[in-house]
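Enquirer: Chains as they are written, first to last, in the numbering used here: chain A, 87 to 423; chain B, 198 to 468; chain C, 7 to 159.
Careful, some of the hints might be misleading.
[Unchecked claim] Computed list of lysine-lysine pairs in DSSO-like fashion (alpha-carbon distance at most 27 Å, straight line):
hint, chain 1, residue 1, chain 2, residue 2
1, C, LYS131, B, LYS459
2, A, LYS307, B, LYS463
3, C, LYS56, B, LYS459
4, A, LYS94, A, LYS172
5, B, LYS261, A, LYS356
6, B, LYS463, A, LYS423
7, C, LYS150, B, LYS463
8, A, LYS259, A, LYS198
9, A, LYS423, A, LYS307
10, C, LYS131, B, LYS338
11, A, LYS423, B, LYS219
12, C, LYS131, C, LYS144
13, B, LYS219, A, LYS307
14, C, LYS144, B, LYS459
15, B, LYS219, A, LYS128
[Unchecked claim] Reference listing, derived: stretches of chain A covered by chain B, where coverage requires no fewer than 3 residues with Cβ under 8 Å from a Cβ of chain B:
hint, stretch
16, 115-121
17, 169-177
18, 309-323
19, 365-378
Simulated from the structure, these hints should not be mistaken for laboratory data.
All values derive from a computational prediction rather than experimental measurement.
Beta carbons: idealized from backbone N, C-alpha and C, even for Gly.
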Amino acid sequence: MKTLEATKLADLAAALTAAGYRVIAPCQRGDQVHLECYQAGKTLRADVIPVNSAKDALFPRSEVIGRYRFEGNEFETVPVAPQAGKTVLLAVRPCDAAALAPLDAVFNWDYKDEFYNAHRDATTVVALACTAADDQCFCTSVGGSPDSTANADAVLRPADGGKRFILESLTDKGQAIAAAGQAVLTEGQAQADPPAQVAPAFDSAAVTAWAKDGFDSPLWKELSLACMGCGACAYTCPTCHCFDIQDEATRREGVRLRNWDACGFGLFTKHAGGHNPRHDQASRWRQRVMHKFAYFPERFEMLACTGCGRCGRLCGNGMSIREVCSQIEQAAQAGVK
Amino acid sequence: MVANINEIQSAAAALLNEGKVKLVLGYRVRGNDRVPAFVTQADQVGCLAYDSACTQNLAAYLRKGEVRSRMPLAVVARPEVMRSLMLLTAESQIAEGQVTVLAVDEQGFHGVLDLAGTAKLLNEQYARIAPDSSLMEQLAKIEAMTPQERSAFWSEQFEPCTRCYACRAACPGCFCERCIVEMNTPQWISTAAESHGNFAWHMIRAFHQAGRCVECGACQDACPQGIPLMLLNHFIAREVEREFDARSGYDPQAEPVIGSWKQDDKQEYIR
Amino acid sequence: MTQATTQTETKAEGFEPRIVAFVCNWCTYAGADLAGTSRLQYAPHVRIVKLPCTGRIDPLFILKAYEGGADAVLVSGCHPGDCHYTSGNYHARRRWTIFRRLLSLAGVEEGRLFFSWVSAAEGQKFADLINDVTAQVKAAGPFKHNPARRQAW
Chain A
87 MKTLEATKLA
97 DLAAALTAAG
107 YRVIAPCQRG
117 DQVHLECYQA
127 GKTLRADVIP
137 VNSAKDALFP
147 RSEVIGRYRF
157 EGNEFETVPV
167 APQAGKTVLL
177 AVRPCDAAAL
187 APLDAVFNWD
197 YKDEFYNAHR
207 DATTVVALAC
217 TAADDQCFCT
227 SVGGSPDSTA
237 NADAVLRPAD
247 GGKRFILESL
257 TDKGQAIAAA
267 GQAVLTEGQA
277 QADPPAQVAP
287 AFDSAAVTAW
297 AKDGFDSPLW
307 KELSLACMGC
317 GACAYTCPTC
327 HCFDIQDEAT
337 RREGVRLRNW
347 DACGFGLFTK
357 HAGGHNPRHD
367 QASRWRQRVM
377 HKFAYFPERF
387 EMLACTGCGR
397 CGRLCGNGMS
407 IREVCSQIEQ
417 AAQAGVK
Chain B
198 MVANINEIQS
208 AAAALLNEGK
218 VKLVLGYRVR
228 GNDRVPAFVT
238 QADQVGCLAY
248 DSACTQNLAA
258 YLRKGEVRSR
268 MPLAVVARPE
278 VMRSLMLLTA
288 ESQIAEGQVT
298 VLAVDEQGFH
308 GVLDLAGTAK
318 LLNEQYARIA
328 PDSSLMEQLA
338 KIEAMTPQER
348 SAFWSEQFEP
358 CTRCYACRAA
368 CPGCFCERCI
378 VEMNTPQWIS
388 TAAESHGNFA
398 WHMIRAFHQA
408 GRCVECGACQ
418 DACPQGIPLM
428 LLNHFIAREV
438 EREFDARSGY
448 DPQAEPVIGS
458 WKQDDKQEYI
468 R
Chain C
7 MTQATTQTET
17 KAEGFEPRIV
27 AFVCNWCTYA
37 GADLAGTSRL
47 QYAPHVRIVK
57 LPCTGRIDPL
67 FILKAYEGGA
77 DAVLVSGCHP
87 GDCHYTSGNY
97 HARRRWTIFR
107 RLLSLAGVEE
117 GRLFFSWVSA
127 AEGQKFADLI
137 NDVTAQVKAA
147 GPFKHNPARR
157 QAW
């Protein structure tokens, strides 16, 4: 069994960096922990769920997807290849790894997204099993579990009371990680710590069932009253994948960019003529819940929520999927349409 | 929790019962968090809570259509929130009769006030809210840096910005129906979450706060990425006071700082 | 501007700064015109953008200039009291006072941002101003730490 001393996580990151990987790992940044590119000197934190999700590495917040040039009246497009270097997502939580399934599904649905897939193919996922959960975690309510290995190439399991990790390789990509990190890994025995207890928060099947006939429900207005309409929940969500296409150009040349966008913004659905079919925050929240719990299961037979709890942790107004879905479940039980 | 929380609850119940307001905007407890409470029935007032962890600026809800449609309403307001209400009055966003104030501070509840009464209380009791001393220290450090260091410092701070605009959403002063960053013909500020777009966004956000920011801290609390927005806000508020002798949120009749002028405004830097 | 930029960059010797000047139509632009018709020589490094009034000069214009790689920005209009639209320059002055301080905090130091009043009769002042600003920016060198600079995609 391959083990890694808990204090040597940064050494593993350094070894993988030396082996040519871009290592995305939970790094200390000020008071927070962010999933970002490891560099020598950064402190790694396996004990805190990072602010941002792992999707940033596969679906960057801004990505160049095209280039063009002007010369007088002439116009020329310049092909752009995805800039996808060999990447490892190191010590990401099972809920982040789980999110790759909905992302894979949507980026390969009617159109195979060249950019996402290039990043995805170049990425190795080393999950970190959770031995602790906080009051916002709800992976068990959406089909996940704190020690799930879904979509992971390797998994780090905390062991011996958090003193070390057991590294289990699950795929060839995972084997390559074990090989690249060999110098800092030890061969030995360790006792895996028990997984975190994540109490169920709501019954997702009940939410999906209610949502089927819930489009016109007056409940959305009440549910969404506290939402201020920012995109923080969508931008830290591991599964949210909406984007906007923008051109940035000078007189001579330009780039076409894919930037994140969010259904919580009023501008998201605003038409050029000024009409907005989702004219209030209630209809935007309905879309958010429907997309994750009704449309996605209908299309891909999976939920677009992995219960990471980020939306609940960051929203000062208490507008989390967890809370809203719990309220929907209660309404469903009470027979409220 | 403040000692006289019951008084807030009964004042809210009385306002609702007497039909003086249709909605009470307050705070409730959710685990370790405090979240906004929207109370429309007198029998729900028991959920209302207040303590120093109630940091959201509820005045920000006053630009939301779904909340405005429930005016007249009452707001549980600490001094910074009262200042926001004065600002919104000065900027013609709310008027007397639309908003009732349930005045609170860390000591407790201080009564039910109209906007004029709130102005009086603010100027008598909270005329000087001392800014956070650590903020001033940090700012002094930044100001002592070379331009190269300052540029590098802010690039580092703005780097994680995802442009979720939680800072804008949390701020009562950001009441524009359409924000400059949403103007896309032409696109003045790049919406890409990259260096130049992030820089332009944070400069313009801070600049538009001149004469508006009441230093409540809601934007920085709302920022998922931990960007120190209060450094910019405090700097702007300090400069506005130095240059124009103006402090936002104390005078409900005040003219906007940016948007008004005096013949003898300082201009020593103009050749 | 891109074309002009390429030309300056290809010059072999020395640093030739790119300075963007936002000026009002009625005073400073007329002052620049007077400098020209009076055959006054002044440094050729300034690209003038004419606007109806300094009141029309949004701080975003200044940011845009830096974004495009300007080494310095000059903003100029009518003297106080002389505004063609009565008070546009007074409004502008308030904005400048705060915005220049904010930019300074962010790393755009004083020598990268200039303000002036130049009337239609001040052709000589305009020429002197441009020469002086250009000399200062030349001495300061390229604006390498420009925090607003558009990223190379």
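Enquirer: Any of the earlier hints contradicted here, and which numbers?
Expert: Hints 2, 6, 7, 10, 14, 15 and 17 are the ones this structure does not satisfy, whereas the remaining hints hold.
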